[in-house]
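These protein sequence lines are chains A and B, in that order.
In terms of this note's numbering, the first sequence is residues 80 to 577.
In terms of this note's numbering, the second sequence is residues 904 to 1209.
These are calculated hints, taken from the structure and not from any lab test.
This structure is a prediction, so every number in the text was calculated from the model and none was measured.
Each residue gets a CB set at the ideal place from its N, CA and C atoms; glycine is no exception.
Misleading hints may appear alongside valid ones.
[Said to hold, decoys possible] The list that follows gives simulated cross-link-like pairs (lysine-lysine, DSSO-like), each with its CA atoms no further than 30 Å apart: (1) Lys249(A) - Lys215(A); (2) Lys472(A) - Lys568(A); (3) Lys399(A) - Lys453(A); (4) Lys173(A) - Lys568(A); (5) Lys1073(B) - Lys575(A); (6) Lys176(A) - Lys294(A); (7) Lys150(A) - Lys472(A); (8) Lys1073(B) - Lys294(A); (9) Lys1073(B) - Lys557(A).
[Claimed, not checked] Listed next, the stretches of chain B that the computed footprint assigns to chain A, with coverage defined by at least 3 CB atoms under 8 Å from CB atoms of chain A: (10) 963 to 972; (11) 985 to 999.
[Unchecked claim] Here are some, though not all, of the chain B residues that point toward chain A, as calculated from beta-carbon distances under 7 Å: (12) Val918; (13) Ser946; (14) Asp947; (15) Ile1054; (16) Tyr1069; (17) Ser1112; (18) Lys1113; (19) Val1155; (20) Ala1157.
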Amino acid sequence: MLRKVFTLFSVLIVLSMALSGCAGKAAAPTGEIVIAIGGDPSTLDPQQADDGNERTVNDNIYETLIARNPKTLELAPSLAESWKQLDATTWEIKVRKGVTFHNGEAFDAAAAAFSINRVVNPDFKSEQISFFSTIKEAKALDATTLQVMTDGADPTLPTRLYWLKMVPPKHAGDADFGTTPVGTGPYKFVEWARDDHVSLEANTAYWGGAPSIAKVRIRPIKEEVTRLAALQAGEVNLVKGLIPEYVSQVPVAASTEGLEFTWIRLNCLKGPLTDARLRLAINYAINREELAKSLYSGYAVPAEGQLLTPGHFGFNPKVKAYAFDLAKAKKLIADAGYAGEELEFIGESGRWLKDKELIEAVAGQLRAAGLNVKVNIVEWSAWLDLLFAGAEKAPTMQFSAHSNELLDADRTLSAIYHSKGSQAAYSNPEVDAAVDAARTETDLAKRADLYHKALQIAYDEAAIAPLLNLEDIYGMSKGLEWTPRRDGKILVFEMKFK
Amino acid sequence: MGPFILRRIVYSVAVVAGVSVFVFLITHMLGDPARMMLPLESSDAEVEAFRQSMGFNDPIYVQFWRFATNAVRGDFGDSLWQREPAMGLVMERLPKTLQLVAISTFLAVIISIPLGVLAALKPRSALDRVCTVSSLVGVSLPDFWLGLILILVFAVQFHLFYTSGYGTWKHLVLPSLTLAARPIGQITLITRSAMIDELSQQYMVTARSKGLAERVVVMRHALRNALIPIVTLSAWQIARLISGLTVAVETVFAWPGVGLLAIQAIQRRDLPLIQADVFVVAVVVTLVNLVLDVLYGLFDPRIRYD
Chain A
80 MLRKVFTLFS VLIVLSMALS GCAGKAAAPT GEIVIAIGGD PSTLDPQQAD
130 DGNERTVNDN IYETLIARNP KTLELAPSLA ESWKQLDATT WEIKVRKGVT
180 FHNGEAFDAA AAAFSINRVV NPDFKSEQIS FFSTIKEAKA LDATTLQVMT
230 DGADPTLPTR LYWLKMVPPK HAGDADFGTT PVGTGPYKFV EWARDDHVSL
280 EANTAYWGGA PSIAKVRIRP IKEEVTRLAA LQAGEVNLVK GLIPEYVSQV
330 PVAASTEGLE FTWIRLNCLK GPLTDARLRL AINYAINREE LAKSLYSGYA
380 VPAEGQLLTP GHFGFNPKVK AYAFDLAKAK KLIADAGYAG EELEFIGESG
430 RWLKDKELIE AVAGQLRAAG LNVKVNIVEW SAWLDLLFAG AEKAPTMQFS
480 AHSNELLDAD RTLSAIYHSK GSQAAYSNPE VDAAVDAART ETDLAKRADL
530 YHKALQIAYD EAAIAPLLNL EDIYGMSKGL EWTPRRDGKI LVFEMKFK
Chain B
904 MGPFILRRIV YSVAVVAGVS VFVFLITHML GDPARMMLPL ESSDAEVEAF
954 RQSMGFNDPI YVQFWRFATN AVRGDFGDSL WQREPAMGLV MERLPKTLQL
1004 VAISTFLAVI ISIPLGVLAA LKPRSALDRV CTVSSLVGVS LPDFWLGLIL
1054 ILVFAVQFHL FYTSGYGTWK HLVLPSLTLA ARPIGQITLI TRSAMIDELS
1104 QQYMVTARSK GLAERVVVMR HALRNALIPI VTLSAWQIAR LISGLTVAVE
1154 TVFAWPGVGL LAIQAIQRRD LPLIQADVFV VAVVVTLVNL VLDVLYGLFD
1204 PRIRYD
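Excised from the complex, chain A in its bound form (with noise of 0.2 Å):
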């Protein structure tokens, strides 16, 4: 009853207001596309902040040296014609020719050498800098070639230049570069107002041919709901970060396998869970296409027994998943000779899509299977001081999710497998001595034998409990033809109306 007064009240007053104003439809967009995203760009120097808002915008004005293809995650030429390795720390590089910035300066092998030096200069304090921290310097041989010298032999140099944006030299240097991006890529800056949107319009003397699409207009939109109203009431026509319960909502859905992955660490370090039978139980006993299917309504798929996926540079395929096996997990738990001790299990909440739900229906798994689950769900900041205070003050279970951009396994075994990890609470000597050497060894054949090696070690001693891998899910307007990405760069220049 009151909710109708107040409905007819609201009705009232807005008429009311409407009737002295002309309101009328949003006009359909003409060769402008409007994307909205969950929150305002950090900055638009594109070599400063590690943010995915930032991202999003930039990599449609910026190109790296080396690309990747969308489907296949393979890296491919950009900027650079090709790459090869001279020595174990010197790789060179020849770029592409006649290819300028918008503002007209020119992109060559010395505004590469110079985009290269600066995001790796220690006073420039890039928040990227953990994406190249193996570059030592890079330096023109001439208009075309670059050398790039590698702190030690660094294999993956190739796909850490996939992340690193080429800039103008002569811009760079100015006060208000943050604000006013100029890269070589399809679309060209035109205004930013802050948390409302940023404006682009094609590159019509873009290397690659001109985009589809005139203009670009990406707003911020922090509000979920808010996002999904956006795009139903027609004024955006591409949705990022969707839930899946709003796909059945949206005009058009569009999926693709992400990278991110959500997974439990356990510590094998001390405490109950130093018995790797326990381990192996507690990952036979989730169910995780039962989760995949409830909780994400299909739009995630069982993580492989491993933090990686088939894109990433160290995969091994015959690490599969751990098979839901209840049985098996109870026999594993009696073998171990459990007797009930507590194991607390550390989440967080809000940070990831559902995963409160996800940590709360993972502990009702491991409870069915007879292990005595506690959750406790922690603040942020606590949840991160726990989640890199060590081994010694690790919790005997901590969720979390990890997301390797650089898909190269180099980044994922350093941080969780290798006993020196930031994010580890295991240790395997032949595990490290298989990372430590993956990390320099320059014959790709062999370097992947040794990832492959160190997963099926972790794997078999299971060493973490993997779950899901979420999908990336978009929305979009009827006529927009896009193929979401794998490694979730949304691209403008790969969309176009029909």
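Given the coordinates of chain A, work out where chain B should sit on it, guided by the hints.
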């Protein structure tokens, strides 16, 4: 009047300073900002280097001294998130929040005072009941929820206004209405009860017996005397709107104001930005209070400032 205003200014400065110190202390007890800002995969060495470069390793009193000496000059440092002077980022958004608050307050006043007066003229009539019940609903509806319902009905269903964003009057309508709902409810109720009080006073009988028109009796005599509680409540509502109620509404409507900025600053543990945001909001709220204290005297000559 002069000494009174001076004293109030001194109090206001003390309040703003106290709030700033409090925010500094709270934000420095919230955990490690370096870990919050860097990717989860960063190594300990990278985090340590970042912490050092940001000055997070200095003792708390050194950090406080740096904060305090800069803050008096209005310099809160660069936002860690947007890498621009934090004060500038807040000032850029302040007019947008004030715009929203001004329109909402205007709506609240022009809608609720007539409603309250009408309801008071015929207590227990159908009109009175509708006003009272809808006011109660307006007061108790969560603005977050109300905002979403308004979006679904008026933007998605009927395409009358925009779902979100900033720019035209069509962007302004739904967030202002959402923000105005609670003040409308409260001011209607207080107007109604203050008017019922005044209308039952003896001087009303005198006024009517003098032969004054009913309109004059109600508007000039009763309403004028009822204004003190109404103004007090409206002022309090404005202060509440600025100091935090806009956070939810700006988030739902993607309105680029200080509330949305504050929530993003907090989520990113952007200490300079949180401090600048709270400082500016504290200044505005104390200013509003100051102005209203002065206005009281104009509405009611019985209020003296000595």
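Results for each hint:
Of the pairs offered as hints, the one joining Lys249(A) and Lys215(A) holds, with about 22 Å between alpha carbons and a cut-off of 30 Å not exceeded. A distance of roughly 37 Å separates the Cα atoms of Lys472(A) and Lys568(A); the hinted pair therefore is violated under the 30 Å criterion. Simply put, Lys399(A) and Lys453(A) have alpha-carbon atoms about 28 Å apart, close enough for the 30 Å limit, and the pair holds. In summary, the hint linking Lys173(A) to Lys568(A) is supported, as the alpha carbons are separated by about 25 Å, within the 30 Å threshold.
Distance restraint check for Lys1073(B) and Lys575(A): the Cα-Cα separation of roughly 29 Å lies within the 30 Å cut-off, and the hinted pair is therefore satisfied. Pair hint Lys176(A) plus Lys294(A) holds up; C-alpha atoms about 27 Å apart against a cutoff of 30 Å. Our distance criterion of 30 Å between C-alpha atoms is broken by Lys150(A) and Lys472(A), whose separation comes to about 41 Å. Taking the CA atoms of Lys1073(B) and Lys294(A), the gap is about 23 Å. The hint holds against a cut of 30 Å.
Taking the CA atoms of Lys1073(B) and Lys557(A), the gap is near 24 Å; set against the 30 Å cutoff, the hint holds. Using a Cβ-Cβ cut-off of 8 Å, 0 residues of the region 963 to 972 of chain B lie near chain A, which falls short of the minimum of three, so the contact claim is violated. Counting residues of the region 985 to 999 of chain B whose CB lies closer than 8 Å to any CB of chain A gives 6, so the stated coverage by that chain holds, three being the minimum. With a cut of 7 Å, the hint placing Val918(B) at the interface with chain A is violated, because the nearest CB-to-CB distance is about 28 Å.
Among the interface hints, the one on Ser946(B) holds; its C-beta lies about 6 Å from the nearest C-beta in chain A, closer than the 7 Å criterion. The beta carbon of Asp947(B) comes within 6 Å of a beta carbon in chain A, closer than 7 Å, and the hint placing it at the interface holds. The beta carbon of Ile1054(B) comes within 5 Å of a beta carbon in chain A, closer than 7 Å, and the hint placing it at the interface holds. For Tyr1069(B), the interface hint holds, the least distance from its beta-carbon to any beta-carbon of chain A being 5 Å, beneath 7 Å.
Given the 7 Å rule on beta carbons, the hint for Ser1112(B) is violated: about 38 Å separates it from the nearest Cβ of chain A. A hinted interface residue such as Lys1113(B) counts as satisfied when its beta carbon comes closer than 7 Å to some beta carbon of chain A; here the least separation is about 36 Å, so the hint is violated. Taken as an interface hint, Val1155(B) checks out: its beta carbon lies about 5 Å from the nearest beta carbon of chain A, inside 7 Å. Proximity of Ala1157(B) to chain A holds as hinted, the smallest CB-CB distance being about 4 Å (cut-off 7 Å).
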